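Use these hints to put chain D onto chain H, whose structure you have.
Protein chains: 2
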Amino acid sequence: MRVVERINDVRSTVKEWKSQGLKVGFVPTMGYLHEGHESLIKKASEENNKVVVSIFVNPIQFGPKEDLASYPRDLKRDSEICERAGANLIFHPENEEMYFNDFSTFVDMNGLTNGLCGKSRPIHFRGVCTVVSKLFNIVAPDRAYFGEKDAQQLAVVKRMVRDLNIDVEIVGCPIVREEDGLAKSSRNTYLSEEERAAATILNKSLMLGKEEIQNGQRNSASIIKIIEDSIKSEKLARIDYVEIVDSSSLEKVEEINKSVLVAIAVFIGKTRLIDNFTYEL
Amino acid sequence: MRVVERINDVRSTVKEWKSQGLKVGFVPTMGYLHEGHESLIKKASEENNKVVVSIFVNPIQFGPKEDLASYPRDLKRDSEICERAGANLIFHPENEEMYFNDFSTFVDMNGLTNGLCGKSRPIHFRGVCTVVSKLFNIVAPDRAYFGEKDAQQLAVVKRMVRDLNIDVEIVGCPIVREEDGLAKSSRNTYLSEEERAAATILNKSLMLGKEEIQNGQRNSASIIKIIEDSIKSEKLARIDYVEIVDSSSLEKVEEINKSVLVAIAVFIGKTRLIDNFTYEL
Numbered sequence: 458m459r460v461v462e463r464i465n466d467v468r469s470t471v472k473e474w475k476s477q478g479l480k481v482g483f484v485p486t487m488g489y490l491h492e493g494h495e496s497l498i499k500k501a502s503e504e505n506n507k508v509v510v511s512i513f514v515n516p517i518q519f520g521p522k523e524d525l526a527s528y529p530r531d532l533k534r535d536s537e538i539c540e541r542a543g544a545n546l547i548f549h550p551e552n553e554e555m556y557f558n559d560f561s562t563f564v565d566m567n568g569l570t571n572g573l574c575g576k577s578r579p580i581h582f583r584g585v586c587t588v589v590s591k592l593f594n595i596v597a598p599d600r601a602y603f604g605e606k607d608a609q610q611l612a613v614v615k616r617m618v619r620d621l622n623i624d625v626e627i628v629g630c631p632i633v634r635e636e637d638g639l640a641k642s643s644r645n646t647y648l649s650e651e652e653r654a655a656a657t658i659l660n661k662s663l664m665l666g667k668e669e670i671q672n673g674q675r676n677s678a679s680i681i682k683i684i685e686d687s688i689k690s691e692k693l694a695r696i697d698y699v700e701i702v703d704s705s706s707l708e709k710v711e712e713i714n715k716s717v718l719v720a721i722a723v724f725i726g727k728t729r730l731i732d733n734f735t736y737e738l
Numbered sequence: 458m459r460v461v462e463r464i465n466d467v468r469s470t471v472k473e474w475k476s477q478g479l480k481v482g483f484v485p486t487m488g489y490l491h492e493g494h495e496s497l498i499k500k501a502s503e504e505n506n507k508v509v510v511s512i513f514v515n516p517i518q519f520g521p522k523e524d525l526a527s528y529p530r531d532l533k534r535d536s537e538i539c540e541r542a543g544a545n546l547i548f549h550p551e552n553e554e555m556y557f558n559d560f561s562t563f564v565d566m567n568g569l570t571n572g573l574c575g576k577s578r579p580i581h582f583r584g585v586c587t588v589v590s591k592l593f594n595i596v597a598p599d600r601a602y603f604g605e606k607d608a609q610q611l612a613v614v615k616r617m618v619r620d621l622n623i624d625v626e627i628v629g630c631p632i633v634r635e636e637d638g639l640a641k642s643s644r645n646t647y648l649s650e651e652e653r654a655a656a657t658i659l660n661k662s663l664m665l666g667k668e669e670i671q672n673g674q675r676n677s678a679s680i681i682k683i684i685e686d687s688i689k690s691e692k693l694a695r696i697d698y699v700e701i702v703d704s705s706s707l708e709k710v711e712e713i714n715k716s717v718l719v720a721i722a723v724f725i726g727k728t729r730l731i732d733n734f735t736y737e738l
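Protein chains in written order, with the working numbering: chain H, 458 to 738; chain D, 458 to 738.
So that you can see chain H by itself, here it is in the shape it has in the complex (with noise of 0.2 angstroms):
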């Protein structure tokens, strides 16, 4: 496995991988990988012939009050996570590789991004299309994996490549939990121990949510609210938002007729932490 800091470096590769009539998988993230990262690196091993890592913490889709200084970072770490699971490459660039002093162009959206994390983070997506739109046009990857616990981020990308016809196959792979049911996250470093306990109250109240749905209940609102009291049960949580939208278009649905995605952002401390499951009607 090759760590290149290159654009040019990753082009060549892929198209002499390519020129093989290789198929080639790619997972970009922001770093410090863990188990669920290694999920998409080891699904994209098993479903082509090589496999693209970028490891980028991508200045542009976090706010001025946000935790990019701060963001944890171990390029061996990662390096030895991604070798394991099966990457062939890691572009890691540096800022000045991927951002002009003068770069001025933008992929954005509307609608998708309006609602949930888009709400409290209002530039987060159109970072994260512009860097995501940039990295494809670099690797050229056949596949592209993308973790479900961002939903709004799985739903954004999918919209993007399909209205710029982007020539990339996009696939989703299901949430990896702690034993205790917390979503893997890199920013689960930040929580202390006593935030970490607290910490269990997204998943734990997500899943109250979906006994209710299961139970019959169709109407959001009743099932916003048993998700809402139940976070407010925790001291150290404050709810950012608790949303049941259409899992596509990510419009609010306010009677459950078809298939949801139920999503929550919660501080806990200082950290922002996201959640969700998908009821599928």
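Keep in mind that the hints were calculated from the coordinates and are not lab data.
You may find that some hints are simply not true.
The list makes no distinction among identical chains, and a pair is therefore deemed to hold if it is satisfied within one copy or across any two copies.
Within a straight-line C-alpha distance of at most 30 angstroms, the following computed DSSO-like cross-link-like pairs (lysine-lysine) qualify [as the list claims (entries may be wrong)]:
#1 Lys-615 / Lys-475
#2 Lys-667 / Lys-472
#3 Lys-499 / Lys-689
#4 Lys-533 / Lys-727
#5 Lys-480 / Lys-727
#6 Lys-472 / Lys-499
Note that the coordinates shown come from a computational prediction; the quantities given were computed from them, not determined experimentally.
Below, chain D without anything else, positioned relative to chain H:
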């Protein structure tokens, strides 16, 4: 030469060509082709093994009061010109093939698109960037050809390709003119006989400005005044803008001490025409 309406037909044809190691040139147009387009297709044909021309009047680059409905269309004539000039494939999609009802992704730009044509056409370059991105993703050419008459468009497309790491070489081609100096444009067909005669004022006025620079004048305001006064001498002409800008950043230049673009937009009756020259220093 084939004419296809489906994205998948373009993709499969180009993939077949590329699998044979052939280079693909691309000329995106809105149709109603003139000798300017023809020169692009000829150049593409000289420099590549295969040439794709797209003919698509892109609705999202027209403002609500602009000429989308009346924009001239003639596929039969366009096909003959393409064939004669050496094209191998015309991509001529319906709007529905290009834009879903819930289309919601846009490629946009800061800076370069604010001045010149961007001032009076605020959504124009967002529409251009978006459709050019889509067409590049559909055709996946090695090189794409744009006329220098739309100097701002050429600068914007070059910047977009650089910023988004699009793996396409952009080739600019010189303005083609009528014998009396009027730059070829599909919109020239809008002009009455009297307006057609008046339209020569664009190039005439630019030439006066050029002469002034060649004579050593370096103050942009003085040169702009000479060009404006000349245009105003024509009763049917109304100035949209006369500007002198840096050829790549498109920022206004007060004193000419580097290569500049001198660009104008002028209404002749209801028809908006553009023209320009680049002065290399």
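Hints, verified against the model:
1. Lys-615 / Lys-475: Cα proximity of Lys-615 and Lys-475: in one copy and across copies (24 angstroms, 26 angstroms).
2. Lys-667 / Lys-472: Answer is neither; intra-copy 46 angstroms and inter-copy 46 angstroms both fail.
3. Lys-499 / Lys-689: neither (37 angstroms within a copy, 69 angstroms between copies)
4. Lys-533 / Lys-727: Answer is within: at 27 angstroms inside a copy they meet the 30 angstroms cutoff, but 64 angstroms across does not.
5. Lys-480 / Lys-727: Neither. Shortest intra-copy (42 angstroms) and inter-copy (54 angstroms) distances fail the 30 angstroms Cα cut-off.
6. Lys-472 / Lys-499: both (22 angstroms within a copy, 28 angstroms between copies)
Against the hints set out earlier in the document, violations occur for numbers 2, 3, 5.
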